[in-house]
Amino acid sequence: MADLYHPAILELSKNPVGFEKRPDAQYIVEAYNPVCADQFEIFFDLKEGKIENLTFHGYGCALSKASGSTAVRLLSGLDLQGSTKFWNDFQSIIQNTGKPDIPDLEPFSPVKDHPGRIKCVTLIWEEFFKELERIK
Amino acid sequence: MLSMNLLHNDFPILSRKNREGKSLVYLDNAATTQKPIQVIEAVSNFYKNHNANIHRGIHFLGVEATSIYEDCREKVRRFINAESSDEIIFVRGTSEAVNLVSGTFGEQIGEGDEILITAMEHHSNLVPWQQLAFQKKAKLKVIPLNKKCDLDLNKFKKLLTPKVKLLALCHISNSIGTVNPVKNIVELAHENKTVVLVDGAQAMAHQSVDVQDLDCDFYAFSGHKMFAPTGIGVLYGKRSILKNIPPYHYGGEMIKKVTFNKTSFAELPHKFEAGTPDIGGAVGLAAAIDYINEIGVDKINAHTSELTEKALNELSEVEGIKVVGAPKERAAIVSFIVEGIHPHDMATLLDEDGVAVRAGHHCTMPLMESLGLQGTVRASFSIYNTLNDVNRLVQSVKRAQHKLS
Chain D
0 MADLYHPAIL ELSKNPVGFE KRPDAQYIVE AYNPVCADQF EIFFDLKEGK IENLTFHGYG
60 CALSKASGST AVRLLSGLDL QGSTKFWNDF QSIIQNTGKP DIPDLEPFSP VKDHPGRIKC
120 VTLIWEEFFK ELERIK
Chain W
0 MLSMNLLHND FPILSRKNRE GKSLVYLDNA ATTQKPIQVI EAVSNFYKNH NANIHRGIHF
60 LGVEATSIYE DCREKVRRFI NAESSDEIIF VRGTSEAVNL VSGTFGEQIG EGDEILITAM
120 EHHSNLVPWQ QLAFQKKAKL KVIPLNKKCD LDLNKFKKLL TPKVKLLALC HISNSIGTVN
180 PVKNIVELAH ENKTVVLVDG AQAMAHQSVD VQDLDCDFYA FSGHKMFAPT GIGVLYGKRS
240 ILKNIPPYHY GGEMIKKVTF NKTSFAELPH KFEAGTPDIG GAVGLAAAID YINEIGVDKI
300 NAHTSELTEK ALNELSEVEG IKVVGAPKER AAIVSFIVEG IHPHDMATLL DEDGVAVRAG
360 HHCTMPLMES LGLQGTVRAS FSIYNTLNDV NRLVQSVKRA QHKLS
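Keeping their order, the protein sequence lines are chains D and W.
Numbered by numbering that gives the first Met the number 0, the letters in the first sequence go through residues 0 to 135 in order.
Numbered by numbering that gives the first Met the number 0, the letters in the second sequence go through residues 0 to 404 in order.
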């Protein structure tokens, strides 16, 4: 079975990207997992329909931090359509329904064999896109 | 130590291997215990040979099933030394038992009254009282823990005011393993005319429980944490209280006479058992009691205490590990945190090695918050665990530390 803790995931969990509070952000969203009590805040601005200054902060496992970092890396600067494409690709990788060639997302593919950990990698993305839908 | 070969043979599931082909070390017993073949076969035998609905059938199977079900009730009575089998109410589990009391006895709580719980309660013995307090405009008060995760008994005495109508506390903490001095606490509460409910979910598979000696008013427990099937549990209540509180659920089996205008209710314990109960579950619970009695609660306690002691000693020696709490008396539960590693990451890596533990808040979010923790890794032991299981746990923890460091 593929290793759930790919070196890229371990690196992002130890040195997360965009891991900072921005209380003056245009939008602040809470992401909470009642199963494990992991809790993050997601901060972002929207300028002319594009996601800017995306950051996150809080407490969570290695997978959730790596997943949040990947969201920051991939989604910053994109509009709704572009960011939603990555979200759909991410879900297809996790659910094993497709194999899009996106190097940043590939390390998360072993999660498909760990149903109990899927929420860890989707938590921040799900809440972020719920907020985008609400804003839309 | 108990004879492990014999015990292992009793639990077929222990021969399972995980996805990596590693043999199972099951250390999630505080969540639910595995079931011995004696329990599985007793339930199977009931459905194969005796199944019928109870208390109504004239036919021989109905009579047999009724007799079996009521014999199970009597077996539970003897196991916890209740005065009468009328005081034994079959429910789905501890949560339902607590809800039954909060939904019936809770009617006696009024505006300005106080309900006392402890900081170590499982959500199942917290949320029902919190919601009752909201509904009745009563006040929910919480007995804090000291640094060792024992109840702060001095603060308890101060919190025990004449307004406290009910005290709800666990016998054993599911998160830390603290064994509470229930008998002393009940005595103090009764001097204050406070009714006491004890959540015994974690106690039944580890301690002799004598409800008359404890003198508690209610004692709730689940079968599945003591080798019985899921879906069956017990609420013990003193007859003097049960007979004066209203039914919890309405329907068949719990009535004496029904007209379109009114209903009179059945006597105890049937007043509290609406609908067809989990008869097979009761059979499984009785078989689990037989199983525990055959081994002996004292032997079980000695065995799991030895495992707990070894786990405490060895985990404490691993750099970066902190065992949570150091209570005066600890049941077979060891909760720990690992520096820099989230409990769920640790549990996933232990699972790769075949070691099944629980990680997270263990349904005690307020306790975790008061301890300044998001969650812990929890290893909990039972009769079929071995000293080698503890070795596997410790080695696996070290491997995970190495991998994630």
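Note that these hints are calculated values from the structure, not bench results.
Even glycine gets a Cβ: it sits at the ideal position worked out from N, Cα and C.
Take the hints with a grain of salt, since some may be wrong.
Unchecked claim - Selected chain D positions facing chain W (in silico; Cβ < 10 angstroms):
| id | residue |
| --- | --- |
| 1 | ASN14 |
| 2 | CYS35 |
| 3 | SER75 |
| 4 | GLY76 |
| 5 | GLN80 |
| 6 | THR83 |
| 7 | ARG116 |
To be verified - Non-contacting residues of chain W with respect to chain D, defined by C-beta distances greater than 12 angstroms in every case (computed):
| id | residue |
| --- | --- |
| 8 | PHE155 |
| 9 | LYS237 |
| 10 | TYR249 |
| 11 | LEU267 |
| 12 | ILE340 |
| 13 | ASP344 |
| 14 | ASP350 |
| 15 | LYS402 |
| 16 | SER404 |
Unchecked claim - Simulated restraints, written as ranges between beta carbons of each label pair:
| id | chain 1 | residue 1 | chain 2 | residue 2 | range |
| --- | --- | --- | --- | --- | --- |
| 17 | D | GLU19 | W | GLU316 | 56 to 62 angstroms |
| 18 | D | ILE134 | W | GLU19 | 42 to 48 angstroms |
| 19 | D | PRO33 | W | GLY250 | 30 to 36 angstroms |
Report task. Check each numbered hint against the structure and report the violated ones by number, ascending. Result -> 1, 3, 4, 5, 6, 12, 13, 14, 15, 16 and 17
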